[in-house]
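Number of protein chains: 2
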Amino acid sequence: MRRSIATVCVSGTLDDKLTAAAAAGFDGIELFENDLVVSPWSPRQIRTRCAELGLSIDLYQPFRDFEAVPDTLLRANLDRAERKFDVMADLGVDTMLVCSSVSPASADDDELAAAQLSMLADRAAARGMRIAYEALAWGRHVSTWDHSWRIVQRADHPALGLCLDSFHVLSRSTELDDIAKITPGKIFFLQLADAPHLRMDVLQWSRHHRLFPGQGAFDLPEFVRLVLAAGYDGPLSLEVFNDVFRQSDPARTAVDAMRSLIALEGRLPAAPDLTGHAFTEFAVDGHSGPQLRAALRGLGFTHTGQHRTKPVELWEQNSCRIVLNSAVTSPGAAAINAFAVASADPQRSLQRAEALLAPAHPNVREPGEAELAAITAPDGTSIFVTGPDVGWRADFLSTGVTPATGTGLLVTDHLGLAQPFDHFDEAGLFYHSVLDLEHLATEEYAAPFGLMRSRAVANPDRTVRLALTVALLRRGEWAPAVADPQHVAFRTDDIVATAAALSVARLPVPENYYADLTARFALPEDFVAVLRRHGILYDRDPEGGELLHLYTPVLGGRVFFEIVERRGGYDRFGEANAPVRMAAQRHRRLSG
Amino acid sequence: MRRSIATVCVSGTLDDKLTAAAAAGFDGIELFENDLVVSPWSPRQIRTRCAELGLSIDLYQPFRDFEAVPDTLLRANLDRAERKFDVMADLGVDTMLVCSSVSPASADDDELAAAQLSMLADRAAARGMRIAYEALAWGRHVSTWDHSWRIVQRADHPALGLCLDSFHVLSRSTELDDIAKITPGKIFFLQLADAPHLRMDVLQWSRHHRLFPGQGAFDLPEFVRLVLAAGYDGPLSLEVFNDVFRQSDPARTAVDAMRSLIALEGRLPAAPDLTGHAFTEFAVDGHSGPQLRAALRGLGFTHTGQHRTKPVELWEQNSCRIVLNSAVTSPGAAAINAFAVASADPQRSLQRAEALLAPAHPNVREPGEAELAAITAPDGTSIFVTGPDVGWRADFLSTGVTPATGTGLLVTDHLGLAQPFDHFDEAGLFYHSVLDLEHLATEEYAAPFGLMRSRAVANPDRTVRLALTVALLRRGEWAPAVADPQHVAFRTDDIVATAAALSVARLPVPENYYADLTARFALPEDFVAVLRRHGILYDRDPEGGELLHLYTPVLGGRVFFEIVERRGGYDRFGEANAPVRMAAQRHRRLSG
Numbered sequence: 001m002r003r004s005i006a007t008v009c010v011s012g013t014l015d016d017k018l019t020a021a022a023a024a025g026f027d028g029i030e031l032f033e034n035d036l037v038v039s040p041w042s043p044r045q046i047r048t049r050c051a052e053l054g055l056s057i058d059l060y061q062p063f064r065d066f067e068a069v070p071d072t073l074l075r076a077n078l079d080r081a082e083r084k085f086d087v088m089a090d091l092g093v094d095t096m097l098v099c100s101s102v103s104p105a106s107a108d109d110d111e112l113a114a115a116q117l118s119m120l121a122d123r124a125a126a127r128g129m130r131i132a133y134e135a136l137a138w139g140r141h142v143s144t145w146d147h148s149w150r151i152v153q154r155a156d157h158p159a160l161g162l163c164l165d166s167f168h169v170l171s172r173s174t175e176l177d178d179i180a181k182i183t184p185g186k187i188f189f190l191q192l193a194d195a196p197h198l199r200m201d202v203l204q205w206s207r208h209h210r211l212f213p214g215q216g217a218f219d220l221p222e223f224v225r226l227v228l229a230a231g232y233d234g235p236l237s238l239e240v241f242n243d244v245f246r247q248s249d250p251a252r253t254a255v256d257a258m259r260s261l262i263a264l265e266g267r268l269p270a271a272p273d274l275t276g277h278a279f280t281e282f283a284v285d286g287h288s289g290p291q292l293r294a295a296l297r298g299l300g301f302t303h304t305g306q307h308r309t310k311p312v313e314l315w316e317q318n319s320c321r322i323v324l325n326s327a328v329t330s331p332g333a334a335a336i337n338a339f340a341v342a343s344a345d346p347q348r349s350l351q352r353a354e355a356l357l358a359p360a361h362p363n364v365r366e367p368g369e370a371e372l373a374a375i376t377a378p379d380g381t382s383i384f385v386t387g388p389d390v391g392w393r394a395d396f397l398s399t400g401v402t403p404a405t406g407t408g409l410l411v412t413d414h415l416g417l418a419q420p421f422d423h424f425d426e427a428g429l430f431y432h433s434v435l436d437l438e439h440l441a442t443e444e445y446a447a448p449f450g451l452m453r454s455r456a457v458a459n460p461d462r463t464v465r466l467a468l469t470v471a472l473l474r475r476g477e478w479a480p481a482v483a484d485p486q487h488v489a490f491r492t493d494d495i496v497a498t499a500a501a502l503s504v505a506r507l508p509v510p511e512n513y514y515a516d517l518t519a520r521f522a523l524p525e526d527f528v529a530v531l532r533r534h535g536i537l538y539d540r541d542p543e544g545g546e547l548l549h550l551y552t553p554v555l556g557g558r559v560f561f562e563i564v565e566r567r568g569g570y571d572r573f574g575e576a577n578a579p580v581r582m583a584a585q586r587h588r589r590l591s592g
Numbered sequence: 001m002r003r004s005i006a007t008v009c010v011s012g013t014l015d016d017k018l019t020a021a022a023a024a025g026f027d028g029i030e031l032f033e034n035d036l037v038v039s040p041w042s043p044r045q046i047r048t049r050c051a052e053l054g055l056s057i058d059l060y061q062p063f064r065d066f067e068a069v070p071d072t073l074l075r076a077n078l079d080r081a082e083r084k085f086d087v088m089a090d091l092g093v094d095t096m097l098v099c100s101s102v103s104p105a106s107a108d109d110d111e112l113a114a115a116q117l118s119m120l121a122d123r124a125a126a127r128g129m130r131i132a133y134e135a136l137a138w139g140r141h142v143s144t145w146d147h148s149w150r151i152v153q154r155a156d157h158p159a160l161g162l163c164l165d166s167f168h169v170l171s172r173s174t175e176l177d178d179i180a181k182i183t184p185g186k187i188f189f190l191q192l193a194d195a196p197h198l199r200m201d202v203l204q205w206s207r208h209h210r211l212f213p214g215q216g217a218f219d220l221p222e223f224v225r226l227v228l229a230a231g232y233d234g235p236l237s238l239e240v241f242n243d244v245f246r247q248s249d250p251a252r253t254a255v256d257a258m259r260s261l262i263a264l265e266g267r268l269p270a271a272p273d274l275t276g277h278a279f280t281e282f283a284v285d286g287h288s289g290p291q292l293r294a295a296l297r298g299l300g301f302t303h304t305g306q307h308r309t310k311p312v313e314l315w316e317q318n319s320c321r322i323v324l325n326s327a328v329t330s331p332g333a334a335a336i337n338a339f340a341v342a343s344a345d346p347q348r349s350l351q352r353a354e355a356l357l358a359p360a361h362p363n364v365r366e367p368g369e370a371e372l373a374a375i376t377a378p379d380g381t382s383i384f385v386t387g388p389d390v391g392w393r394a395d396f397l398s399t400g401v402t403p404a405t406g407t408g409l410l411v412t413d414h415l416g417l418a419q420p421f422d423h424f425d426e427a428g429l430f431y432h433s434v435l436d437l438e439h440l441a442t443e444e445y446a447a448p449f450g451l452m453r454s455r456a457v458a459n460p461d462r463t464v465r466l467a468l469t470v471a472l473l474r475r476g477e478w479a480p481a482v483a484d485p486q487h488v489a490f491r492t493d494d495i496v497a498t499a500a501a502l503s504v505a506r507l508p509v510p511e512n513y514y515a516d517l518t519a520r521f522a523l524p525e526d527f528v529a530v531l532r533r534h535g536i537l538y539d540r541d542p543e544g545g546e547l548l549h550l551y552t553p554v555l556g557g558r559v560f561f562e563i564v565e566r567r568g569g570y571d572r573f574g575e576a577n578a579p580v581r582m583a584a585q586r587h588r589r590l591s592g
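These protein sequence lines are chains A and B, in that order. Quick note: the first sequence, position 149, residue 149 per the numbering used here, numbers continuous. Quick note: the second sequence, position 521, residue 521 per the numbering used here, numbers continuous.
Careful, some of the hints might be misleading.
Among the chain B residues that face chain A by a calculated CB cut under 10 Å, a handful are [claimed, not checked]:
1. 36
2. 443
3. 446
Computed Cβ-Cβ distance ranges for the label pairs, DEER-style [to be verified]:
4. B:53 to A:569: 42 to 48 Å
5. A:494 to B:23: 43 to 49 Å
6. A:102 to B:23: 30 to 36 Å
Examples of chain B residues toward chain A, derived with CB under 8 Å [stated by the list, open to error]:
7. 38
8. 40
9. 53
10. 55
11. 56
12. 115
13. 243
14. 244
15. 249
16. 422
17. 516
Simulated from the structure, these hints should not be mistaken for laboratory data. Heads up, the beta-carbon is just placed ideally off N, CA and C, and yes, glycines get one too.
Take these sequences, add in the hints, and give me the full structure.
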């Protein structure tokens, strides 16, 4: 199907928006009136520019507060419409969106609405145009799709049809199955937007918090299925009002938008199973390298391999693998520069990534080295996709060092990746679609330096988990550097034994935390005493699953390690303890 | 009265928060449980630290979901309370806040609630403590202050009283007069927060959008008057949950908070009348200076004066006065470095500013020069307060240049000041309290680089107006430099004549804008033709007042000039046209 995007979805002037939409591969646009009004280009120039870019203009929008009004107002509204038809003729667009009225001047009178919309459709038809009538969720008298459909049926005019907007339809959660029964040809336009479930005024929800399909909570595949069942064959068109997208780089946002449609359409190479975290790579320098090496030793890791051709070290403990890369510049602070996931079929994983606009680029390698292609995540991290075995280890020469006893760390449990503010929702969709990781719960919590949002993604058997976090407001100058760290969490089956075996600095946990923990969870004193002794934090989910975990301080400027023990099916990340960690990391930073 | 602040109002760890509260002059704090839990200090250490800083701990908060529960839960809740009493004893705090329950386990049973709160009060009294019961606006069964008061009356326990929180009371807009009739001594604690009127879920409104008194829409002076009439003599304590304050510099936020209480108490030197904008000063350098001089000449200004001792020029046209200061560094772009307002009593204006924590600092001057003291606005701009005459002009030697004919610019109409993201609400309160400017409407609008918020402040006769703007989200890397400019608007009585007399580059206005204008306002074609010819924009308010205005392009990187003609009592700033301006300034920047 053709793919369109409303100009309101992205930031910038009309020029910025058209350039971004074309570069991302869209076929067409919905032109918002405001974007035209502020443009120095005439409607004809806009038409030419769109044609040069290979973009059709699929909809002119919106025309407001038209129907069911007294006669004098009707005449003014028809005059107003003629002016817009003039603009549309110059633009070469044939469909005008008319939203259900929010005006106090409109009457609750379906017959009057239908009659007046017919008159408008007459005028449109005379110019070879047509009217798509849409029920706004906050329309004064018409606020549901089925009500707008009754009016369109009553008008029974060939140039009058429906515009269905998934937000307006799904935010009202009316009965949907009848959408499939709409007369073929009468859905003139389909607008798609996702959204999180929010308890708020629906207009504010719509104007500020829409998301691209797959980034929210709506069942868009089912909605689109119903619309297609009604014979709709126009474009899938995104209409997303989002405060963040409105101010972020339009080129990035347009790619994110296109990815959402590709994923929604679903004609993709099936995602192979992921079988685990293969390794995590840190970029280190002369300052951070020694800190990370010392910490890894203290955690029971052994420097087992040295890359054949690059200044890259492999550190291992059971299936936990860390790579320290001194060849990559990481100005100022250590960072997770790359991570690798193991796939049952790496080639197909990469094909899927490519289809989702995340093309793989080959790793620079010497003859005889493993072919590891990387895709780039929204935060710039490289993601390698390895096979389920560890063939890539052949690139490392054995150091011959006898492996340390270890401390019981078995496998990488998850990565914690602080995301850039503008790309949090993009990241969620990226991991969901490209790696087929499912969204776990999104959480918001108060932390010492502002509110935080976290969203975890994981594969079905939980051998790959990523915890994505972002500040609810873009950080300013006040936030300390430790506010947005990245980390690797390793899993143990016995955190108390592991803790006793560690020889690495642990993040101190306040005594007040344990006092509160005892009161909150009614935990036995001796159990809390053990937690306290080892600096272990605790969380419990409503089903009784438990997390025991501990942290290192921040190392090399921006990273830390975590050790977790999951009990009883605990499937979260101890988000409730993140503020404790952040405060402690701040204190540690101030004092040490 | 004593002044307190809840630790939740400001960003950082407990250490950051206490330091900020003490530096701003608060007498006490409300200690939030989370701030204690994440602190490395024991309760006794916190008590000591507060004592060192001269801060009392006035309230420990909150204790949740206590009352009207089944017996087994009651016992657990009482045990939980005893743990918190232990903490309170160590902290040296005697009042615990208990919020009305939101738990499904609680019953709608006032008698049970009163009986159980009595039991809790017994336990508190045994330790010399007391319970302040507060109706949350979203409490499950108890959500209004009068309901909580009925329960407290029914319990009739000396250690049980009310906590009144202005947000919970005023967001429900229940009848308030009876607050004055609450039995003296039974209001144990008073929490103050302001908020804008928002159509949203009350919990979200409360948790994210509270403001300090004077920054929102609540009538807090009347509320406080009623509480004091009931004999309350405890602290005025701020409890403000605000997403921005939670992540901005706590030292700044605490001063803003203290200013809000000082202004609320109102024992201040009366604000003298302001009589107009005296001058606006730009910091210029070798790059921006020539651009601004050329523009001023083109606007009909004359370089009339040269400062006796500094590289500072005075440019004038009628009562419009611009100062170009080459002695101040302004890295990268010209900026409004200072502005001067004329006061009927400058000395008293400065005393008032000082009382509101905006101390005046003397301008560096030579003998014989006018004494101009400056106060610093939240965005760093210096504000000079001159007398109603123009005695300060004696500091400038006449250039002897014959004044140009001028273009009809009469007086400075307003300044447009883009505010730093973290300090928008602070700025509104600052100008309102320090200069006694009233808040005009707050507007939000979509602009090419993201959503914008504007708030104007003005004196009663509108001889001083400031239009403050801020991006709804802190700008990121994508936003172009022209997104947050500053400007001076001059007023004319005849903008068409003025426009014809100008010899300065005007910002081009898109033809599409005029086509839309004609449709929107049903304006006569010949009128629109005149607007079009001169690049004049148009706005009309609901009462029929009209604004005609035009802009220059951005000059010297970040500033521009505007010319306005107000007709029929138009009292706004043409915010509807700001997106047109921003897009044109962006295009101008790209192309020229």
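- Query: At a threshold of 8 Å, is the proposed contact between residue 243 of chain B and chain A supported by beta-carbon distances?
  - Reply: holds (6 Å)
- Item | Hint validity - residue 38 of chain B Cβ closer than 8 Å to any chain A Cβ | Constraint on residue 38 of chain B satisfied, holds at 4 Å.
- Message: Less than 8 Å between beta-carbons is the criterion; does residue 53 of chain B satisfy it with respect to chain A?
- Response: It is violated, given that the least Cβ distance between residue 53 of chain B and chain A is near 17 Å, above 8 Å.
- Message: Holds or violated: the hint that residue 244 of chain B contacts chain A, with Cβ atoms closer than 8 Å.
- Response: OK, holds: residue 244 of chain B within 8 Å of chain A, min 7 Å.
- Query: Taking the least C-beta to C-beta distance, is residue 36 of chain B closer than 10 Å to chain A?
  - Reply: holds (5 Å)
- Query: Close enough to count: is the Cβ of residue 40 of chain B nearer than 8 Å to one in chain A?
  - Reply: holds (5 Å)
- Message: Hint validation: residue 115 of chain B versus chain A, beta carbon distance must be below 8 Å. Holds or violated?
- Response: violated (23 Å)
- Message: Does residue 55 of chain B hold up as a contact with chain A if the rule is Cβ-Cβ below 8 Å?
- Response: Check failed: Cβ of residue 55 of chain B comes no nearer than 18 Å to chain A, outside 8 Å.
- Message: Quick check on residue 249 of chain B please, does its C-beta sit within 8 Å of some C-beta on chain A?
- Response: This interface hint holds because 4 Å falls under the 8 Å limit.
- Message: Using the nearest Cβ pair, does residue 516 of chain B come within less than 8 Å of chain A?
- Response: holds (5 Å)
- Status of the hint placing residue 422 of chain B at chain A (closest C-beta pair under 8 Å): Residue 422 of chain B check passes; min Cβ-Cβ to chain A is 6 Å, inside 8 Å.
- Query: Lying within 43 to 49 Å: is that true of the beta-carbon distance residue 494 of chain A to residue 23 of chain B?
  - Reply: Holds, at about 48 Å.
This entry does not satisfy hints 2, 6, 9, 10, 11, 12, going by the numbered hints stated previously.
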